[in-house]
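> Input sequences plus hints: build the corresponding full structure.
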Amino acid sequence: MTTPTFAVVGRPNKGKSSIVATLARDDSVYIDAKAGSTREANSYPMKVDGETLYVLVDTPGLQRARAVLDWLNAHCSDAAARPETVRAFVERHEGDPNYRDECQALRPVVDGAGIIYVVDGSCPYGADYEAEMEILRWSGQPSLALINPIESDEFVAEWTAGLGQFFRTVRVFDAHRAEVTKQLELLELFGHLHPDWREPLERAVAILRQDRQLQAQGASSYITDFIVDAIDYKVEQAVPEGLPLEPVQKLLFERYKAHLVKRERQCRQRVEELYYYSNLSKSEHSLELEESDLFNIEKWYLWGLSQTSLTAAAASAGAVVGGTTGMALDVASGGLLGGLGTLVAGAGGAVSGVWGARKYADKIGQMKVRGIPTGGNMVCYGPSKNINFPFVLLGRALLHQRLVSTRTHADRNVLDLTQPPLEGISDRERKRLAKIFDDLRNDRKHDERRAQLAAMILGWCSDVPPH
Amino acid sequence: MPGKTPTLSQLYHLAEQLELDKELPVQTARERDHAIAVDCSAGDDSGRLLFWLDAVSAQRRGADGSKEPWLSEASAAALGRLLALFFGFSGMAAFLLTSGRGLVNVFMFLLLFVVIQFLLCLVAAVVMAFTLGPGQAPVVLPLNPARLLVARAFPDRRYLREAQSVVRLVFLRYGQELGALFTLGAIAAFFVVLALSDFTFVWGSTFQLSDSLVEDMTAALAAPWSAWLPQATVGGDLIFATRFHPAITSLGPDNIEAMRGWWPFLIMSMLCYALFPRLLLWLLSRYFYGQQMRTAITRLPGSERVLARMKTPLVRTQGEGAGARPPARDISGVPVDQGLLLLNWANALTPEDVAAFEAFAAVADGNIVNAGLGPVPAELERLASRFDKPVEQLFVATKSWEPPMADLADFLGNFARVPRCTLFLVPLPHKPVSAARLGDWQVFARALPFDLVDVQALERG
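Residue numbers (the working numbering), protein chains in the order written: chain A, 1 to 467; chain B, 1 to 461.
Derived from the structure by calculation, the hints contain no laboratory data.
Please note: incorrect hints may appear among the correct ones.
Unchecked claim - Example chain A residues on the side facing chain B (calculated, C-beta under 10 angstroms, incomplete):
| hint | residue |
| --- | --- |
| 1 | Ser28 |
| 2 | Met46 |
| 3 | Lys47 |
| 4 | Ser221 |
| 5 | Asp232 |
| 6 | Val235 |
| 7 | Glu236 |
| 8 | Arg263 |
| 9 | Glu273 |
What the hints assert, rightly or not - Below, in silico cross-link-like pairs of lysine-lysine (PhoX-like), each with a Cα-Cα straight-line distance of 25 angstroms or less:
| hint | chain 1 | residue 1 | chain 2 | residue 2 |
| --- | --- | --- | --- | --- |
| 10 | B | Lys4 | B | Lys311 |
| 11 | A | Lys234 | A | Lys363 |
| 12 | A | Lys234 | A | Lys368 |
| 13 | B | Lys311 | A | Lys47 |
| 14 | A | Lys182 | A | Lys47 |
| 15 | A | Lys250 | A | Lys234 |
| 16 | B | Lys4 | A | Lys257 |
| 17 | A | Lys262 | A | Lys363 |
| 18 | A | Lys234 | A | Lys257 |
| 19 | B | Lys22 | A | Lys262 |
| 20 | A | Lys257 | A | Lys363 |
| 21 | A | Lys234 | B | Lys4 |
We treat Cβ as the ideally placed atom computed from N, Cα and C, and that holds for glycine.
Structure representation (structure tokens):
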């Protein structure tokens, strides 16, 4: 059995390359607003451990369909000979510069590829399209039509009716906004074009579905690594006796910032690579964000929790810690305290949590200076005790992951990293996060908390349920 | 590799490699790890990770050529074992031989060689329970001699949180091993001194203990073996006969022989309460060490990513040919115009930019000059020779994101004899020239002293 191959054909500038870029998850596909940006047919095979399950072929737009159809009509005597006539046309005109694009587009079709005919749903249907649809029908290959609403879906209904006369299957597929599930459904549909193609396409979809879950797992793993590292991170420097401390303190703060900025950038880069983005450009906002916003506490409301949510989360985390201690006291006293230990320690923990949240609210980390027995001082900055800081890091990382994972590879716009990211997280989850961050900060049940944080992040990163 | 217990050194190397891997592009890591997985036959995750570590760090280890320290963990452990035997032997020998009048106090013997040892075993058991239970390893006493051996086991000075419980089990393992060897040395000394020297066992205490209480105590101690080894118990007669008082005079050969009747009991006490718990804890710590090490290895941050890459198929959907990339601009057909001079103002253009923008295709290679960065007279002098030849049109490339400056206007004023000038605004990557900025430059251009002047915003592909 030959490998299922699908030629994406249509007029110039109708989004063929965008559809291929989205389905092939390849952001290096050249997409241009100018017509005729694709000059060569390009193949995008899906390979699993070296085995090719299907191939997508991006083709140049058909430019002289009427002339081609004229030639075909002139050289065909009966309907049974139509596929051979199309082949004859391609073979006869392969070196002809006038029909270069047509030959490039039709070559995979005459070699056995299925046809994915693409039109723009934001432009009206016209009879002038019928010549190219007729040529494709002549080829005798299994086919389906995709309506790509590039700017709007104003003419989708018109197109659906028109295309229905030439193609048995017509679907609307927005290459720039299609969710992963829609992309997988479309691939599955490709498999229905021919009985022999069903099995490899179903396999491919199952593998892509699994790959999507792995992307979410990988992203959650990188984000967890980054947040745990940021919570633990500190820099220190020994200063000999008599030397001023101020320049060293400034230097340490700069080193602290540089490390976190680098780790955040590294985390983002890995997440983008997980989702197969190699050319993703970020907006000016993101550059500002990386360099300064992370350390601009006044802008943290964009990423972290509001003052009210923060106070509630800190009080809850403190109460849980205090309450647990109090409960141990109650158990140890054999119930003689009548639950008073739990009550008092819980309330004390809540108050101390709120106090901690307020005390460290206006700074990220603390500068500490301690004497060294052999002389001089050890200056240390970090780890951060600011309760909102891990929320800010998480908010920024989740927003980035969400934008990357929901974007298609045809989208060439810059990332807009300015939406509030933690809005979708419930109060219960915020409180749980506050507890996890508090335990990580104080090195309590570190491995367990890390695993819990990774599981929560995975929940927010996942978008494709297991099949 | 599969089935073999990983070492602390491997754990550290793995952590280091995983940290290095954070710098590695995902696709490169996918391909590398998938290729490694093809040859891996390990059945469990820790085995897979160790196989991966071997494959990945083989070259790096070769390049390092790190030398073994002069006192390695193994040699330090051998030395520690010898010293434990020596101290056990000499401790017991000294205790026996320095007893006054050859009378050995059974209580003191039991305290030093049984009770303290047993209590230390209990502490070790509690530490082990804490290490394996809540996962929080308790601190280790600074006086613990096992510290010296464990310190040799670390490949470097990094603190690895994931290694905490493993390190605690190494402490326990060495601690029990040294304790057991100490007891063995003491038992050996006991036999040697017993064979070579005359001494007798007596009991006595400042707390007026009755014979029956001592009998009960010894019976309780001997409970584990009294049923199958009655010779190693002490009866009421012996207890009565060996009660110590300062005026004791009955130290004839018969009495001495009777008083020696304690030794099977003492030996069994040492074996049962000092040696056996040590050996049991030693075996347990060895077993749990392997278990915890495998857990630690799979729990290292990043190891889950390696395992996922090894276990899943390598999927690729992207294009492979050069055709997937934007077509390069073909400017070979554009004729070179020797009358064009391109002035690259303040390095607005990189060398790649010059080739990338079609607008500059007609400019000859030798007709591109840089200006706007050095001293003005020097630049004017350098450019004078260029203007000896007739220049029909001057192209000026400037940074679109900067405002027009009088410096440029002054500079261009020196070339007013050129009939035509075009200002090209070079955009930032991914940011087209704004209309407002274009307007600023158009206003600026109107004031330039050329017959014909226009402004064009360049666009990146």
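> Now look at each hint and say whether the structure bears it out.
Verification of the supplied hints:
1. For the restraint placing Ser28(A) at the interface with chain B, the shortest Cβ-Cβ distance is roughly 6 angstroms, inside the 10 angstroms limit, so the hint holds.
2. Of the supplied interface hints, the one on Met46(A) holds, with its beta-carbon coming within about 5 angstroms of a beta-carbon of chain B, less than 10 angstroms.
3. Proximity of Lys47(A) to chain B holds as hinted, the smallest CB-CB distance being about 5 angstroms (cut-off 10 angstroms).
4. Checking Ser221(A) against chain B by beta carbon gives a least distance of about 5 angstroms; that is within 10 angstroms, so the hint holds.
5. With 10 angstroms as the threshold, the beta carbon of Asp232(A) comes within range of chain B, its nearest partner Cβ sitting at about 8 angstroms, so the hint holds.
6. Using the Cβ-Cβ criterion of 10 angstroms, the hint placing Val235(A) at the interface with chain B is not satisfied: the shortest such distance is roughly 15 angstroms.
7. Checking Glu236(A) against chain B by beta carbon gives a least distance of about 13 angstroms; that is not within 10 angstroms, so the hint is violated.
8. Taking 10 angstroms as the C-beta contact cut-off toward chain B, the hint placing Arg263(A) at the interface holds, the least distance being around 9 angstroms.
9. Because the beta carbon of Glu273(A) sits about 4 angstroms from the nearest beta carbon in chain B, less than 10 angstroms, this interface hint is met.
10. The hinted pair formed by Lys4(B) and Lys311(B) meets the criterion: a straight-line CA distance of about 21 angstroms does not exceed 25 angstroms.
11. Between Lys234(A) and Lys363(A) the alpha-carbon distance is near 14 angstroms, which keeps this suggested pair within the 25 angstroms criterion.
12. With a C-alpha separation of about 11 angstroms, the suggested pair Lys234(A) and Lys368(A) falls inside the 25 angstroms cut-off, and the hint holds.
13. Distance check on the hinted pair: Lys311(B) and Lys47(A) sit about 16 angstroms apart at the alpha-carbon level, within 25 angstroms; holds.
14. Our distance criterion of 25 angstroms between C-alpha atoms is met by Lys182(A) and Lys47(A), whose separation comes to about 21 angstroms.
15. With a CA separation close to 14 angstroms, the supplied pair Lys250(A) and Lys234(A) stays within the 25 angstroms bound.
16. For the hint linking Lys4(B) to Lys257(A), the alpha-carbon distance of about 42 angstroms lies beyond 25 angstroms, and the restraint is violated.
17. Proposed proximity of Lys262(A) and Lys363(A) is supported: the alpha carbons are some 20 angstroms apart, at most 25 angstroms.
18. For a cut-off of 25 angstroms, the pair hint linking Lys234(A) to Lys257(A) stands: about 10 angstroms separates their Cα positions.
19. Restraint check for Lys22(B) and Lys262(A): satisfied, since their Cα atoms lie roughly 12 angstroms apart, inside the 25 angstroms limit.
20. Distance restraint check for Lys257(A) and Lys363(A): the Cα-Cα separation of roughly 13 angstroms lies within the 25 angstroms cut-off, and the hinted pair is therefore satisfied.
21. For the hint pairing Lys234(A) with Lys4(B), the CA-to-CA distance comes to about 36 angstroms; that exceeds 25 angstroms, so the pair is violated.
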